[in-house]
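Novice: Residue strings, one per chain:
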Amino acid sequence: MTSIADRARGIASGRRERWLAPLLIVLGVLYPWYEDTLQSLPVIGDFVPSTESMVVMVAFTMMALGLNIVVGYAGLLDLGYVAFYAVGAYTAGWFASQQFDQITFHFLSSVPNTQPGIHVTMWLVLIAAGLLTLLAGIIIGLPTLRLRGDYLAIVTLGFGEIVPQVVNNGDDIGGFDLTHGTFGIAPIDSVGFPVLSFTGLPDNFQTSPDRAMWFYIVALGLLLITVFCTVRLRDSRLGRAWIAIREDETAAAAMGVPLMRTKTWSYALGAFFGGVAGAYYASFKGGAFPADFYFNISVFLLCMVILGGMGSVWGVLAGGMILAYLNIEGLSTIGSKIQDAGLNFDPTKYQFGIYGIIIVSMMLLRPAGLIPERRHRIEMEEGVHDTPFYDVEHEGTLTDRDLSGD
Amino acid sequence: MAEADNLLVAAKVRKEFGGLVATDNVDFTIPRGAIVSLIGPNGAGKTTFFNQLTGVYKPTSGSILFDGTEVSFLPPHSITKLGIGRTFQNIRLFSQMTALENVLVGMHSRMHAGILGAIVRPPKVKREEAASRDKARELLTYCGLPRRHEERSASLPYGDQRRLEVARALATDPKLLLLDEPTAGMNPQETAEFTSFVGKVRDEKNVTVLLIEHDMKVVMGVSERITVLEYGAKIAEGTPAEIRSNERVIEAYLGKGATE
Amino acid sequence: MGTTATSVLRTLRSPKVVNGLGFAFVAVIVLWLAVNFVKDPTYFANVGLDGLTRGTIYGVVALGYTLVYGILQLINFAHGDVFALSGLVASTIMLSVLNISPSSSNAAVAGAVVVTLLITVPLFAVANGTIERVAYRPLRNAPRLAPLITAVGMSFIVFNISLALYGVDYESGSELIPQGTALSIGDIRITWKLVIALAIIVPTLTALSWFVSSTRQGKAMRAVAQDTEASAMMGIDVNRTISVTFFLAGSLAAVAGLVFFLEYQVRFDSGFQLGLIAFTAAVLGGIGNLTGAVLGALLIGFIQSFSEGLTWYGPGSAWTRSIVFAILIATLVFRPEGLLGERTPEGA
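Residue numbers (my numbering), protein chains in the order written: chain C, 1 to 406; chain L, 1 to 260; chain U, 1 to 348.
Just so you know, these hints were derived from the structure itself, not from any lab. Check the hints yourself; a few may be wrong.
Claimed, not checked - Here are the simulated DSS-like pairs of lysine-lysine, each with C-alpha atoms no more than 27 Å apart in a straight line: (1) L:175 <-> L:12; (2) U:16 <-> L:12; (3) L:81 <-> L:205; (4) U:16 <-> L:58.
Isolated chain C, as found in the complex (with noise of 0.2 Å):
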């Protein structure tokens, strides 16, 4: 009989209980019915997040699981992952809202037929933001991939900086309006079962009395594809390659894995789920906005992949979890508990030094995350062979041609 020392290191050693994963799920879906009994706890009921919470809380987690799919797999650095955010919302945008005022088409929307632009029931609108997003992932990985990790990582930084740029200065591209400025889009329509409403599932879900529960659980829903999704190309042949790029890259081409195209598929694959959750999220929050995308938040995402542990998927749901709550709701908790108790600090001020002491502790402590991916623990610990396949080597450094003399 195990013990539950014994099981709790079984758990974070990559043994996962069969229980779990079910359990979890149970408690997920109903977690909207058992809120209210939470929050009425002493003590951790302020600590409860609203449902309202973790639908965010859901959308960016999805985020850092396509963003485990570049880091973490493919073992390339992404700064940038905002833009993929970005441009899924964007694409909601334009196909869910009256952005496109000078075309009115419709297609099983949830919105009244009269309204101008383009409305496309936000399912598809789902998909079309996951594979537009996954072609801007292909356009930016093509020429950058074959940089080395350091350049790839402030080229992808780059992107992540011009995109919410483009999306700024977008609303007069020679005289087309295409993201409304620093308005952004709004009213974005919302998701609902416009369809299928003769079931008494409500047709659009911002008007629906529950909207917070229903948000919440299609994102879940997203969640678990998310989930099934990372975690079937990870036991691939995809998946090993991905890895052995990741461990030694000339290896893994004398192996006849093709680097560029297999890194690109893990760039384009990780958009993939950042442009569904950008979606989801905008017609969550009504709105595509160019101030929501910031380099910031790239970073954040990546702190919850390095929390939970690179390539693992319990670990980035995990890390994820914890940072979105801290990040919407966690910090300013603690900070009114700690000014209730007298001491005038506010650790919302405090939050991005926070992510970087959780990335610079990690990487020094416990490189391999919370709830390590099997392979990843020890590759951290023991180092591999990481010097890339394409490198061009610069002649020496601080050379003679610099400076006169010598």
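For this one, chain C is given, so just place chains L and U on it according to the hints.
Specialist: This is chains L and U only, laid out in the frame that chain C set:
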């Protein structure tokens, strides 16, 4: 007399790194089904030449024809797909993957499952995975690793790691197998085993073998033809008996005084 | 999808095409500059001088990036934030501690600048060295991804320190220095900003150049940058050399921070934008190459000023970040060794 059926024809291959000439207009052919070796003192450019055959380096000039196809400008994975498999001088296994997974990566170019296949896992993909795993285990056993398939490759003993490298190279289903100093670090018994293994692989798996080796017992024992490089240029080529008594070769290894 | 796309890319990346496209692009830019120049030559010159001013500051920051990259192959993301913090600290020293105000005499301001530098330069040299010691050194042998990620985390920590200490306000010393034109050549105005920037930065660069070329420590730095293992075998204390490099970078950040505070305005997030611009400059010039860093910085300074200032089809300041990033991406993709670097093949 019929023209020899050459699997590989390298003509005037030249590689320059800045001012350094690493490969000096080398002509090199490998007859199909043969076991040939490439030897030479340290720094002769053997691995550099190997790397050009496998696409790690692009030759500065010259051509490399593999089974009729020009490969000198192709990326490594394409060359592997065409049928050249290799091992590395310093073992480059995927150390955190199991032995089985290493071999499965070797099969990457012979498998077809893509993204949708990975996610949906239709019966075709499941069959491919199962068949690949079976074939991988067979290969591992064939190469002298009947057990420990699920063990992390970094924790295998040195000799087993070398065998695993060969198994992984064979998993690419090669026509030409390049072995880069495969017996380095092996004791005499392992070396002897390996020498007979090379012949077995050539006969049973229908591959042509090119060997880089320093251990003369292996070279003389297994090669049908030996090519000698010095300073990137070919200085001799012939049967083991011919090479053994070639003055130029002895000079290259032992210095000018040796033949006087 | 894969093979056709990659072969298309391969043709696109071939030297002929790249050089051709490069020439065409440069030709367009030159044409644009020429038209703007012809339309208003003095305005053009003044915009150019403004670019020079910025460029010198960027150069100092870019040197910090390139020094560290040259020796560790690490992009020290935190460098920009150290720069910003140093500017803020300089502001405190000058405004609150030394009580300099717009009404102070020029001599007082100059003296205060010297005193401030005497404090901030060692302070941030040590701070930068500490960051290396604590966060990067333990990861010297870890997979390359690790110190890079840590640098990002470190950047956030320093960023938040600035935010916590100074809030969201800008600190600007531009009222402390003489305003306007120091010298006019016709309508071309050489501003005090430019003079002061040069007065502080040129000696700094000279000192740095002397240090790297003539001192033993400087030679050690160059040796370690070229071949760490061989240097260690020659008896060079690699750890100490790396520490010295970080001290230098921190000092440079402090100098740049002070100048930036005096001439423009500093805030907790100044490090991010300026850091990326400076890093682009370092890459453009050839990462690891000191002259290249300064050259690249001047170029970027000009590009930014022209792009923001020129009126005939000028993109304006809204597009600056994108333009700079586009330059970065283009450089890394098409000419990763930068302007002064040398493209070597796959390595012997």
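Novice: Which numbered hints does this structure break?
Specialist: none
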